[in-house]
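Visitor: Sequence:
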Amino acid sequence: MVRLISSEWMKTKRTMVRWINFFLPLLISGCIIGYVALRGMSSDFQMTTFQTFFEIWTIFVIPIGVGILAGYVVHQEELASSFNGFLSLRLPRYKLYLVKFFPLSIIIMISTFLATIVFYIGITLIFPELSNIWLFFLIAAILVIIGTLPIIAIHLWVSFAWGTGVSIGIGICGLLMAGLIGRTSLGNSIWQFIPWTVPVRLVKNLSPYLLFSANMTTPPPLVSSGWAVKQFLIGITSVGVCLFIVLLCGMIWFSKWEGRKYYE
Numbered sequence: 001m002v003r004l005i006s007s008e009w010m011k012t013k014r015t016m017v018r019w020i021n022f023f024l025p026l027l028i029s030g031c032i033i034g035y036v037a038l039r040g041m042s043s044d045f046q047m048t049t050f051q052t053f054f055e056i057w058t059i060f061v062i063p064i065g066v067g068i069l070a071g072y073v074v075h076q077e078e079l080a081s082s083f084n085g086f087l088s089l090r091l092p093r094y095k096l097y098l099v100k101f102f103p104l105s106i107i108i109m110i111s112t113f114l115a116t117i118v119f120y121i122g123i124t125l126i127f128p129e130l131s132n133i134w135l136f137f138l139i140a141a142i143l144v145i146i147g148t149l150p151i152i153a154i155h156l157w158v159s160f161a162w163g164t165g166v167s168i169g170i171g172i173c174g175l176l177m178a179g180l181i182g183r184t185s186l187g188n189s190i191w192q193f194i195p196w197t198v199p200v201r202l203v204k205n206l207s208p209y210l211l212f213s214a215n216m217t218t219p220p221p222l223v224s225s226g227w228a229v230k231q232f233l234i235g236i237t238s239v240g241v242c243l244f245i246v247l248l249c250g251m252i253w254f255s256k257w258e259g260r261k262y263y264e
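Mapping the sequence shown onto the UniProt record's numbering, position 124 (from 1) lands on 124, and the numbers just tick up by one.
Hints are computed from structural coordinates only; laboratory data are not their basis. Check each hint, because a few of them may be wrong.
[What the hints assert, rightly or not] DSSO-like cross-link-like pairs, simulated, lysine-lysine; straight-line CA separation at most 27 angstroms:
(1) 13 with 95
(2) 11 with 95
(3) 256 with 95
(4) 11 with 256
[To be verified] Ranges of calculated distance between the beta carbons of each label pair, as one might list FRET restraints:
(5) 48 with 23: 36 to 46 angstroms
(6) 139 with 221: 13 to 23 angstroms
(7) 186 with 95: 23 to 33 angstroms
(8) 245 with 26: 27 to 37 angstroms
(9) 90 with 161: 36 to 46 angstroms
(10) 48 with 226: 16 to 26 angstroms
(11) 89 with 110: 39 to 49 angstroms
(12) 106 with 248: 14 to 24 angstroms
(13) 224 with 258: 54 to 64 angstroms
(14) 35 with 90: 50 to 60 angstroms
(15) 126 with 76: 35 to 45 angstroms
Built from N, CA and C at the ideal position, the CB exists for glycine as well.
Using the sequences provided together with the hints, build the complete structure.
Guide: The following block contains the structure:
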């Protein structure tokens, strides 16, 4: 499996995938650093800076980025031999499917960590007082990656079934859902059922812990009430259930798939 994943990475040489993987995180992080620097200090500066970065990444970058990347890696196989070469490989179909899923997951992981590291280093050079919350940035990046796994599985299935255009279209819809339902109170009762809102909410659950201060005698209300822990457990459960269902159903469907209908 490792060799297969390595071969998939080699296919991305001289393609836009590597540009998206390495250049886009640098560009987006730089833009957010500039925005925060121009906005300056404010009340709850640590929490607002933390939320600003991860909300932009999970609402705008993840839905569209996953839609484009999943569509592109599948489209490569379509261009090569109308899927015939890919489907004729002497491997179990579930392995062929996972060979596309795992590299996409690794690409998203690298991009997320790279963007987080660049933003953290850049913003602490301007505002050194933020250097003490590095652990929150690390945990948040891990949660974003975990929360994105079901989205990758959905877009991979959609890309095989209907193509790049539909995958990007669903990514745009995911962006709207992440912004309206994931970020605002509109989705307080339904966010766990919508995969595109889960990464936003998982990171949002960390924010109350940034309200701690040295002179506090009791924890912030959202922490002491158990709200943050409860929301975190709901989010992780949602990720696990959704990933299992979508990935399993996708592999079962792919085991019987013989390419797009217009090639038959």
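Visitor: Against each hint, give a clear statement of whether it holds in the structure.
Guide: Right, here's what the structure says about each hint:
The suggested pairing of residue 13 with residue 95 holds, with an alpha-carbon distance near 22 angstroms, which does not exceed 27 angstroms. Between residue 11 and residue 95 the CA atoms are separated by roughly 17 angstroms; this keeps the pair inside 27 angstroms, and the hint holds. Of the pairs offered as hints, the one joining residue 256 and residue 95 holds, with about 14 angstroms between alpha carbons and a cut-off of 27 angstroms not exceeded. Note on residue 11 and residue 256: the hinted pairing holds, with a Cα-Cα distance of about 25 angstroms set against a maximum of 27 angstroms.
Range check, residue 48 to residue 23: about 27 angstroms between beta-carbon atoms, so the 36 to 46 angstroms window is missed. One distance hint, 13 to 23 angstroms for the beta-carbon pair residue 139 and residue 221, holds here, with the actual separation near 21 angstroms. Range check, residue 186 to residue 95: about 41 angstroms between beta-carbon atoms, so the 23 to 33 angstroms window is missed. Checked against the given bound of 27 to 37 angstroms, the beta carbons of residue 245 and residue 26, roughly 35 angstroms apart, stay inside it.
For residue 90 and residue 161, the hinted distance range of 36 to 46 angstroms is not satisfied, since their beta carbons lie about 24 angstroms from each other. For residue 48 and residue 226, the Cβ-Cβ distance of about 24 angstroms falls inside the hinted range of 16 to 26 angstroms, so the restraint holds. The hinted window of 39 to 49 angstroms between residue 89 and residue 110 is violated, with their beta carbons roughly 26 angstroms apart. Between residue 106 and residue 248 the Cβ separation comes to about 21 angstroms, which falls inside the hinted range of 14 to 24 angstroms.
The hint said 54 to 64 angstroms for the Cβ distance between residue 224 and residue 258, and at roughly 57 angstroms that hint holds. Range check, residue 35 to residue 90: about 51 angstroms between beta-carbon atoms, so the 50 to 60 angstroms window is met. Under the hint 35 to 45 angstroms, the C-beta atoms of residue 126 and residue 76, about 40 angstroms apart, fit the expected range.
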